[in-house]
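Quick note: the sequence shown uses my numbering, first residue 1, plus one each step.
The hints are simulated quantities; they were obtained by calculation from the structure and are not laboratory data. Check the hints yourself; a few may be wrong.
[Said to hold, decoys possible] Derived CB-CB ranges, DEER-like:
| no. | residue 1 | residue 2 | range |
| --- | --- | --- | --- |
| 1 | I42 | P115 | 24 to 30 Å |
| 2 | A100 | E16 | 25 to 31 Å |
| 3 | E157 | E27 | 23 to 29 Å |
| 4 | D26 | Y149 | 40 to 46 Å |
| 5 | A34 | T112 | 24 to 30 Å |
| 6 | V35 | G150 | 19 to 25 Å |
| 7 | T124 | E27 | 33 to 39 Å |
| 8 | E27 | A100 | 17 to 23 Å |
| 9 | T112 | R19 | 20 to 26 Å |
What you are looking at is a predicted structure, and each value in this text was computed from that prediction instead of being measured. Positions of the beta carbon are idealized from the N, C-alpha and C atoms, including for glycine.
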Amino acid sequence: MARKSDNTETPAIDHEAIRELAKLLDETGLTEIAVECAGVSIRVARHSGGAMGRTRATEPVVTQPSTVTAAPVSIDPAQHPGVVASPMVGTAYLASEPGARPFVEVGASVKTGEPLMIIEAMKTMNQIPAPRPGTVIQILVEDGQPVEYGQPLMIIE
Numbered sequence: 001m002a003r004k005s006d007n008t009e010t011p012a013i014d015h016e017a018i019r020e021l022a023k024l025l026d027e028t029g030l031t032e033i034a035v036e037c038a039g040v041s042i043r044v045a046r047h048s049g050g051a052m053g054r055t056r057a058t059e060p061v062v063t064q065p066s067t068v069t070a071a072p073v074s075i076d077p078a079q080h081p082g083v084v085a086s087p088m089v090g091t092a093y094l095a096s097e098p099g100a101r102p103f104v105e106v107g108a109s110v111k112t113g114e115p116l117m118i119i120e121a122m123k124t125m126n127q128i129p130a131p132r133p134g135t136v137i138q139i140l141v142e143d144g145q146p147v148e149y150g151q152p153l154m155i156i157e
């Protein structure tokens, strides 16, 4: 059991509860489940993109976010109707492996379900598919950049 400096205990991770929730996902066909008990929350999600075999070094990468644009856009990316948000916390990769061509580039036309990028979460590579057809007008993350749940990744119009 870990202790904080203010002498309050932090709860231990219940690996068995996580396994049971993952099993429940498989049994029910759900894609996500979350529970909270005694102030401890557990969220388990399975994304339809599946995992792709890919090897990457897992060293920390510190980068400044940049915006690549095809045309000036003055709208807040998070409020744009074509935003593709991160479905999880992890590390975003724009290509299938280091040095490979990116899945998409600014100006590229995409179809629904076409891979946009990969987010590595807990050593699992999760393919992020295009939620709609259109043209990629902005890529809001860099290759190897840490991302958070709900963070805008790119904009498709």
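To see whether the hints hold, each was checked on the structure:
no.: 1; hint: I42 to P115: 24 to 30 Å; result: holds, 29 Å
no.: 2; hint: A100 to E16: 25 to 31 Å; result: violated, 38 Å
no.: 3; hint: E157 to E27: 23 to 29 Å; result: violated, 39 Å
no.: 4; hint: D26 to Y149: 40 to 46 Å; result: violated, 22 Å
no.: 5; hint: A34 to T112: 24 to 30 Å; result: holds, 27 Å
no.: 6; hint: V35 to G150: 19 to 25 Å; result: holds, 20 Å
no.: 7; hint: T124 to E27: 33 to 39 Å; result: violated, 20 Å
no.: 8; hint: E27 to A100: 17 to 23 Å; result: violated, 37 Å
no.: 9; hint: T112 to R19: 20 to 26 Å; result: violated, 33 Å
When each numbered hint is compared with the structure, violations occur for hints 2, 3, 4, 7, 8, 9.
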